[in-house]
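Visitor: As a plain string of letters, each chain reads:
There are 2 protein chains.
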Amino acid sequence: MPTYKVDERDVQFNLFEYLNIGALSEYERFKDYNEEVYKMVVTEALKFAKNELDPLYVSGDREQCQINDGVVSAPKGYLEAYKKMGENGFIGIDTPVTYGGQGLPVAMATAVGEFMIGANVAFSLYSGLTRGSSYLIENFGTEELAKRYCEKMYNGTWTGTMCLTEPQAGTAVGEVKTVAKLNDDGTYNVVGNKLFITGGDHNLTENIIHLVLARVEGDAPGTKGLSLFIIPKVWVNDDGSLGDSNDVNCVNIEHKMGIKASATCTLNFGENGKCRGYLLGEQTKGMRLMFKLMNEARLMTGMQGMAIAGSAYENSLTFAKERIQGGDTAIVEYPDVRRNLTLSRAFAEGMRALLYYTGKCIDLSEAHPDEEQREYYLNRVDLLTPICKAYCTDVGFKVTELAIQIHGGYGYCSEYPVEQHMRDVKIASLYEGTNGVQAMDLMGRKLALKNGQLFREYYEEVTKFATQHEGHATLSTEIASLKKAMDTVAQVAMKIAEWGMGGDKEKCLMSATPFLELCGHATLGYLLLDQAVLAAKTIADGKDEAFYRNKVRTAKFFAYHIMPGVQMRAKEILSEDMSAMEMEY
Amino acid sequence: MPTYKVDERDVQFNLFEYLNIGALSEYERFKDYNEEVYKMVVTEALKFAKNELDPLYVSGDREQCQINDGVVSAPKGYLEAYKKMGENGFIGIDTPVTYGGQGLPVAMATAVGEFMIGANVAFSLYSGLTRGSSYLIENFGTEELAKRYCEKMYNGTWTGTMCLTEPQAGTAVGEVKTVAKLNDDGTYNVVGNKLFITGGDHNLTENIIHLVLARVEGDAPGTKGLSLFIIPKVWVNDDGSLGDSNDVNCVNIEHKMGIKASATCTLNFGENGKCRGYLLGEQTKGMRLMFKLMNEARLMTGMQGMAIAGSAYENSLTFAKERIQGGDTAIVEYPDVRRNLTLSRAFAEGMRALLYYTGKCIDLSEAHPDEEQREYYLNRVDLLTPICKAYCTDVGFKVTELAIQIHGGYGYCSEYPVEQHMRDVKIASLYEGTNGVQAMDLMGRKLALKNGQLFREYYEEVTKFATQHEGHATLSTEIASLKKAMDTVAQVAMKIAEWGMGGDKEKCLMSATPFLELCGHATLGYLLLDQAVLAAKTIADGKDEAFYRNKVRTAKFFAYHIMPGVQMRAKEILSEDMSAMEMEY
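Sequence lines, in order, name chains A and B.
Numbering of the first sequence is given in the working numbering, commencing with residue 1 and proceeding in unit increments.
Numbering of the second sequence is given in the working numbering, commencing with residue 1 and proceeding in unit increments.
Any given hint might turn out to be false.
[Unchecked claim] With a cut-off of at most 30 Å between alpha-carbon atoms, the simulated DSSO-like pairs for lysine-lysine come out as follows:
no.	chain 1	residue 1	chain 2	residue 2
1	B	Lys571	A	Lys464
2	B	Lys5	A	Lys321
3	B	Lys398	A	Lys571
4	B	Lys484	A	Lys507
5	A	Lys398	B	Lys5
6	B	Lys398	A	Lys505
7	A	Lys47	A	Lys5
[As the list claims (entries may be wrong)] Here are some, though not all, of the chain A residues that point toward chain B, as calculated from beta-carbon distances under 8 Å:
no.	residue
8	Gly89
9	Gly186
10	Cys250
11	Glu254
12	Arg288
13	Phe291
14	Lys292
15	Gln405
16	Leu430
17	Met581
If you're looking for bench data, these hints aren't it; they were derived computationally from the structure.
The beta carbon of each residue, even a glycine, is placed where N, CA and C say it ideally should be.
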């Protein structure tokens, strides 16, 4: 039974009306593309997600990954689907065409990603990490290495992973103990154990290319001594042919609450002293590279929150329209159900707006001819990345909770997909840096970066929007609330900066999570209202009227039911209460 | 590995310091008991929960209930543990001694329930529903029926169920289609299908006593035509011996997200025309009886939120103290982790305060010699029941979410119990009336009952407390916030009443869920501050100082980090925004 549902109309609205990505063709980088091409890709990607990935969603969860004698197998059908995915070019959507990427805008990759993840998140982790690691090799590896590895990764012949975590080094990545030693031939011998490695082993492809964080013998302790290595599961000869097994062994897979079709592995590198790899980029500069990969991975993780929530919401809506209770009334008519549905919808559309917008900012930060503009958009991406990751995964989880609630008792049963949605999405708040780590990144790093420029630019943009539309015919009250919310955000940010400068680190850290939440509320409020202003204008055309009217209603709903959370969290922070630090635990 | 953890000290504080239940012995009903007896029961119950139920918690989840050829089997060890539970008298803790109950206060049953549920919620459903159905037979059945059934239910020989839901009749219970027809011998022939029946079939006991909602042929449609029937799985002869199978067949068990060791059954009654039962209470008065059972079941469900959250919190605390990250610092020292821990703690202690207090109110509503006082406490129970059910299950779920977060990636893995806590507790927001139904009960029924008397009395009590302690040495600011929060609650309640009288039903219904949430916040704020005032007084004794200081800190934390939610939800309601109703779904 098909379970994946998505509001394709809203995807189109984001890409082609709100973000108008067709206009990106004015930049050199995207000159060969146009709206027509993009629309075709959207159609094909959605078809692929529905026809190839959705059918494996539930079965993959039930069957799970298995490990027998150190050999990991993915559920039935995954091998064939992965092959097709590579053949269809869906792995490197937004990477350069040089080694087989499609060279499309990141905004487009976000749409394609929404479909793939929404239809089957566990599956999409194999391709997502492959794209990420391949792109890193492409960017920082020698041409020779790039040629040898990237094409086969983009076309689905091999997959890739990122190996950071070790038993003692989770959030504290600087504690990595894996060591590397230079060999005479320029390769490195690597020894160490890695934990929680997504797609660390499986039978989808003949080879797996690991990017491994390790320390060259003698390098400094902590993160500043770490380097990054390319370590294939099976050695790749200089001519690209496969050599011997490279002494990378999977000793365990985790039994998890969800994403059960994704193999989460414990890997031993070099337990027989025969694991070799190549240094990627410069020695001791591993974290810098890893951060690039991690930032992309964080956006992909945010997309998991958004994509799963989108499908959970659409599934709830279908259920609510079909489920009759009390005579012949469908439950969609009941106000409390409508409130839950509209909460879900507002979050789902808000997250889509945020992630697609951030995708376009990445495109502009790379493709815009004006350097100042590129910096402006890069600043925006830097600022929004932790919000995309943490807010979208927390709120995405909340939407799955609401989806179960809307389904009533049925929501708890496996015959409906929403309980799996909840189990699957929960991981997203934990990996790629827990949401607490994201909050600290926003509060401790992004807020202070360039003397607060990132935040200032953002504040000015939102304020400009609010001023420009303060007399709006139908949305003036809601826009005034946004203005007030944004001022509150600024007030709190100033206060935190003041604590920071005063050395009151604990007060800053205590504020991190509520600060990220209030930034998230304000950001979604801004984007939804911005979209609503566009929608209100478009209603007059008379075409697709219900869609545009609903866009306006969704933004209004967000303003009254969710945005007051900004003031609440501000109140919490400004109370300066430190009872939690005083607790005798 | 033991997974159950509970703050026994806080249980003792609630029972013997805050509620001082030893003093209940001044009432006739509890004259044979005293604090010493109660303390012994607490010790024994906790021992039983830890030794007998906790070891089956994880294994029961993995093994699940199975159905083969219509025969349902519970996981290994459940049969033996259930037998012991009956022998130890833990099933009818608070029911009269007449047929084998222990006659203890409901407040005590709440503590015992916390342990049993916290250690193994799936298991405790078998005993919880048995107590409920047996107590109903004891209260409303003939002496003969009570004698025949209750003793064996309280001593663990038989279990009991409540059978309301049918495929078309979930929340809309009036749609029940099961029919009953009077036989010449005074029994009724019953035919119908019931869905989602907890403990509907299993191999724990030789018989299962179903309380079944059905309609006598010819009676009115809707809820007012429903009657309640005692239908044993195996017929019970007049002498108490077992007769033939009674044509009750289990045709399916649900595959669920959690509580997998609890059999959730689809039952066919009388598919061969041979299912007989006894009318319980009066014909067409079934809903009245069912409501009594449901109210108790709602409190038990609220206890699931509280008990599971209590263990999830304690597990997180243990983890946070043991988990080293970044040198030699345990993560419990990190402010963001402390915030999550203290949020969990504040909710967990607040829920305990609420449910134990409500338990004592039930005791006073039944045992107090003064009729006015009995009514006063009954009013309080009526008002708080939907809050206990919905708020504690939503917030209990939230605590399990925080627990997973505190565990990081480990929280997602089955080797730690918190992911099971989350899966198990989710059901509690759905059954016994979804939380949306509870919100409507509070807003639509309880608020208006006796012209608002329930609410008025409660408002006066909280306000009196706030006034009495407005000059408190260490808690005056927080108590002032509580006063303000309670005034906001009153203001919102008045507004809803105004809408109700004006016939604006949709606006009332749209406010139901946020109204319940704000009442919950205010209620926990009140009880935690009331406890903190007592704790602040006790600190001076110098004994157990850390415990009392922490009680004060927990209440402060709640006031600054959670209570602002009252104003936020009020703002939402008072916006009168009806976008959700306008949405074209």
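Visitor: With reference to the structure, classify each hint as holding or not holding.
Guide: A quick look at each hint next to the structure:
| no. | hint | result |
| --- | --- | --- |
| 1 | B/Lys571 <-> A/Lys464 | 26 Å, holds |
| 2 | B/Lys5 <-> A/Lys321 | 43 Å, violated |
| 3 | B/Lys398 <-> A/Lys571 | 21 Å, holds |
| 4 | B/Lys484 <-> A/Lys507 | 26 Å, holds |
| 5 | A/Lys398 <-> B/Lys5 | 27 Å, holds |
| 6 | B/Lys398 <-> A/Lys505 | 27 Å, holds |
| 7 | A/Lys47 <-> A/Lys5 | 12 Å, holds |
| 8 | Gly89 | 32 Å, violated |
| 9 | Gly186 | 34 Å, violated |
| 10 | Cys250 | 16 Å, violated |
| 11 | Glu254 | 5 Å, holds |
| 12 | Arg288 | 20 Å, violated |
| 13 | Phe291 | 18 Å, violated |
| 14 | Lys292 | 22 Å, violated |
| 15 | Gln405 | 6 Å, holds |
| 16 | Leu430 | 5 Å, holds |
| 17 | Met581 | 6 Å, holds |
Checked against the numbered hints listed earlier, the structure breaks hints 2, 8, 9, 10, 12, 13, 14; every other hint is satisfied.
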